Amino acid sequence: MRPSGAGLDVTVEFLPTGEREVLSSDLIVHATGYRPHDIGTLLGEAAKLCVRDDGDAVRVSRDHRVELTPGVTAGIYLQGATEHTHGLASTLLSTTAVRAGEIRDSLLARRMARAS
1 MRPSGAGLDV TVEFLPTGER EVLSSDLIVH ATGYRPHDIG TLLGEAAKLC
51 VRDDGDAVRV SRDHRVELTP GVTAGIYLQG ATEHTHGLAS TLLSTTAVRA
101 GEIRDSLLAR RMARAS
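In my numbering, the protein residues as written are 1 to 116.
Hints in this document: simulated from the structure, not taken from any laboratory.
Among the hints, a few may not be true.
As the list claims (entries may be wrong) - Here are the computed distance ranges between Cβ atoms for each label pair:
1) D56 <-> G87: 13 to 21 Å
2) A115 <-> T41: 29 to 37 Å
3) R2 <-> L108: 57 to 65 Å
These figures come from a predicted structure and were not determined experimentally.
Ideal Cβ placement from N, Cα and C applies to all residues, glycine included.
Kindly generate the complete structure, drawing on both the sequences and the hints.
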């Protein structure tokens with residue numbers, strides 16, 4: 001950020017690509033934003049079992065189950081922390097019950113599949 005005429009020039013960077021742009025403005029509002037933590041850091045050694053996408057994010061199926069390496073039968077489900085795969089609505093508290101129901105359905109379906 002630097003003074004420019006009666007305003008300020010600020011350089012902003014789009015983190016995924018590194019692209020930078022200079023914006024001329026009369027006013028700057030600084031907000032910290034939100035960057036979710038990598039779930040792998042919470043899982044410790046078990047993080048090695050998680051399949052990752054090209055961006056090194058943990059892959060999560062539609063049913064909120066973390067995709068694990070072949071042969072792993074245990075399940076890891078995420079309630080939240082899935083914006084990168086499920087979109088912005090996955091961060092909303094108002095959809096928590098829906099997500100919990102989807103996770104329950106997945107757990108029951110997997111249990112039934114193992115029993116048959």
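Hint check results:
| no. | hint | result |
| --- | --- | --- |
| 1 | D56 <-> G87: 13 to 21 Å | holds, 19 Å |
| 2 | A115 <-> T41: 29 to 37 Å | holds, 35 Å |
| 3 | R2 <-> L108: 57 to 65 Å | holds, 59 Å |
In summary, the structure agrees with every hint in the numbered list given earlier.
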